[in-house]
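> Listed here are the chains, written in short residue letters.
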Amino acid sequence: MDFAASFALIVPELILAAAGLALLMVAAWGGDKAARFIAIAAVIAFFGAGLMLAPGLHFGTDGPEVIAFGGLMRVDTFALFAKALIYLAAIACLVVAPAFFSGPAAGSERGMRAEYPVLILFAALGMSIMVSAGDFMTLYLGLELNSLASYVLAAILRRDERSAEAGLKYFVLGALASGILLYGMSLLYGFTGGTDFATVRAGLTGELATGAMFGLIFVLAGLAFKIAAVPFHMWTPDVYEGAPTPVTMFFATAPKVAAVALTARVVVEVFGAQVLAWQQIIMFTALASIVFGALGAIGQENLKRLLAYSSINNVGFILLGVAVADQAGISAMLVYLFIYVAMSIGAFTALLMLRDEEGGLFETFADIRGLSVTKPAIAWCLLFTMFSLAGIPPLLGFYGKFVIFQATVDAGLIAFGAIAIAASVIGAFYYIKFVKVMFFDEPADVVKGSSGNAHWVLLILTALIISPLGYLLTPSITDLADKAAAALYLAV
Amino acid sequence: MDGFPILTTMMLVPLAGAILCLFSGGAAARGIALAATLATFALGVLLWMNFEIGGPQWQFTERAELFEGFAYALGIDGISLMLIMLSVFLMPICILASWTSINKRVGEYMAAFLFMEVLMIGVFAAQDLFLFYIFFEAGLIPMYLIIGVWGGDNRIYASYKFFLYTLFGSVLMLIAMFWMVGTAGTSDIPTLMQYNFDGDAQFWLFLAFFASFAVKMPMWPVHTWLPDAHVQAPTAGSVILAGVLLKLGGYGFIRFSLPMFPEASGELAWMIFALSMVAVVYTSLVALVQHDMKKLIAYSSVAHMALVTASLFAFNVQGLEGAMMIMLGHGLVSGALFLCVGVIYDRLHTREIDRYGGLSINMPYYATFFLLFTMASIGLPGTSNFIGEFLALAGIYQTSTWVAFVCTTGIILGAGYMLYLYRRVAFGAQTNEDAAAMPDMDAREWTMMASIAAVVMWMGVYPESFLAPMRADIAALDARLASAAPADDSQLADGPAREAAANAISFEAHEGGDH
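Chains as they are written, first to last, in the numbering used here: chain A, -7 to 484; chain B, 2 to 516.
Just chain A, same shape as in the assembly:
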């Protein structure tokens, strides 16, 4: 395959890279005055890149013609699906940012930052590369590009102690995780003699050597760090709480999609011949994430921290789909990811709308007491989101759990599914606490500020998606997810 064809396959990445570099120049010379323009241009770049995904998603072209650069990248439907979700999440995080940065929550340096959209662009570019990786080198490049941009994003409020702390924590632990991942990759390289997925896979057939087993475990541990799955989840609550809320929203959505998709690709394509070796690891991680995510959230007062635990809990359900280790499981996982992204965007947008008269943000349970009286629209949307996260029908969150558990039971893992679904009831406890605080308690009456149109549009859009109307989307989403999952298994 010639270079021209390879470049044609990665047009979305090229768009993002070009836009990122050009806007970086604009930011360097234009400063924060150009921030608004940069944000708009970044949104346009994401739309452009997203449009480039459409033909591939629609026609579902898979097979040898989607392998770029001699196997370094695979632009199959699976990658396209993940990219589409990543770009959508990135757009949402750009849309909510200006109001946040111009408010008092941004501390002493008010105003939209010019670097913010640029960093989001680079992070998304990294994720794009991650999900298309066909080689451990590409995987690591994409992962690091994403991670480095994310560390800076977490610390973007330079004079805010919590933000700086979050950035540092994320960096130290993230670097450790990258190290573990690299070590695992080098072990695999040593035992199989290659870094591209096909070679490693070929080297891992038959009985698994102890060293290769360690390699597998280290790679999965490094990836679990990035997904924030138990037992590598400790950084999540601190980073989510400390990072500026739009950044937290970004962390909870796009990198999650990328890291989960990457994990799915690695276990299916690289470790596909050793299912028993990784399946129990993922199973344990999934169950532990569901249980710890639910238990950890119970005592939390800070809403961002609570949503961090909620994301750990949700990652558990997503990993259930991976643990099933078949095509139906991967398809279910993708459907769940889509719903999870919608719910997370809705929840964080609602948090960003809890403002006082000066525009300062609230983020504890005490502040949202009786919200249904003072701000009924936000309260009802949050109610939808919370019941949806708890997986109560008729909201769309139920459908996510529905497909995941259906795949689990169909694969014969009935006891595993029964334990996981029973554990999900623990999670319901704190989701309904949200509703209790907003609807049953006496109003605290502090949330008085109004919010901009962008927030309302986003909130109502996500509320509509997770409302029962969202079920009308399920045939098309399932169709896409099925194609994507088939593409992943086609490569094997």
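If you're looking for bench data, these hints aren't it; they were derived computationally from the structure. Please read all numbers here as calculations on a predicted model, not as lab measurements. Don't take every hint at face value.
[What the hints assert, rightly or not] Calculated cross-link-like contacts (lysine-lysine; reagent style PhoX-like; alpha-carbon spacing at most 25 Å):
(1) 162/B - 296/B
(2) 440/A - 425/A
(3) 105/B - 440/A
(4) 425/A - 162/B
(5) 425/A - 105/B
[Stated by the list, open to error] Beta-carbon label-pair distances, calculated as ranges:
(6) 153/A - 13/B: 52 to 58 Å
(7) 153/A - 184/B: 28 to 34 Å
(8) 318/A - 202/B: 18 to 24 Å
(9) 481/A - 202/B: 42 to 48 Å
(10) 54/B - 453/A: 46 to 52 Å
Even glycine gets a Cβ: it sits at the ideal position worked out from N, Cα and C.
Please arrange chain B on chain A, whose structure you already have, making use of the hints.
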């Protein structure tokens, strides 16, 4: 009626009402809610009139492949029809019961009730397993809000308990549903009702469904959420909880557990009998010592429901018919009893039995209605519950004389606690001045009471109207269960069969007299 999607319309009317209520203030919301529920009731009457007795088993069927993984499939048989009628009949009464007592956030309150009505119609009409689950489970949301926002002092605890208990019960059922659909290859309820699952699998499936329905029913020992939920819920919430939501458990047994897992049902009937016998005696005794009127009625509900479960697992026509009639009768009577509590609670704001006394002096009409519903709850002939209890005990007796014996003590104890309640509230000296000064019922309360009383009497005097639509469905279920019936100890010997149905002669005479 051909082709007109009446079931969907019956769900859309309250749904539209709910959305309107959400965006309108107090007085308007009350009007909209009443209009929407009455319109739904009218549609329900239309549904009943067009229901063809002896026609196809599933009528008014609708099907649309709107979603991935399950279908929007509706359709009713006689059993569903009766339960839908119960729901749509009680709903306008619930709205009337909340007319003056709910003053804060009326729009949201009415919206929650209307949404509840949508879900109740949906749950009884669903013909797809997963669609059923969605309606079944979604009821948690409005009920959680109704208890939590408009409930009593300890409402938070009660709402959490209600929510988590019922959720935990249901999720295992979902796993079982996935397995069933994966094995049978369809989620269509009528098909699954004819599908023969493997014996071992039936055992586990039965237990998973049992976990859900036993909590909803509620059966001893997982009944503890009910007294809390009833006591804390507003009056109309209690009415809907006792009137319809408790029937979901019984409906689940009759629609899913029995026809889908007949062998497991037969094998595990001893367990149901044991739990039911404990419940009948234990909760009746607990009811005797209550000081809180709502709690007393809540415990009496548990006892009545235990009679329902025992008679469902008697595996004969009388038992099944009796269970359905108790459910319908109890839905009306316990709803009415909660309304009776509501009427005096609105005046004195206490549910303590000791704070009342001698109400028959200053509230004679109220005392009359209260007496009627008390007697109906005991199962006095001429009232709805007599029919159900008689059939149920006759059915249980055929299977097990001992279970019938224990369950009958429940009837006696029931008479004990209900009459004791009535004596303390309505008779005796007027010891409390404020209670003695309460005015009698107004026109709104008259309407609520009189309409329920009329149906209670109708069901007691001429139960054929209610039994006829269900007869064919219950016969079909009985035939399906025949091979799995547990051994009986009453050793009944069948006499010569009648030439005609029991009421055939009188029916002809009646017809002749009319013309």
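> When the hints from earlier in the document are held up against this structure, which numbers fail?
7 and 9
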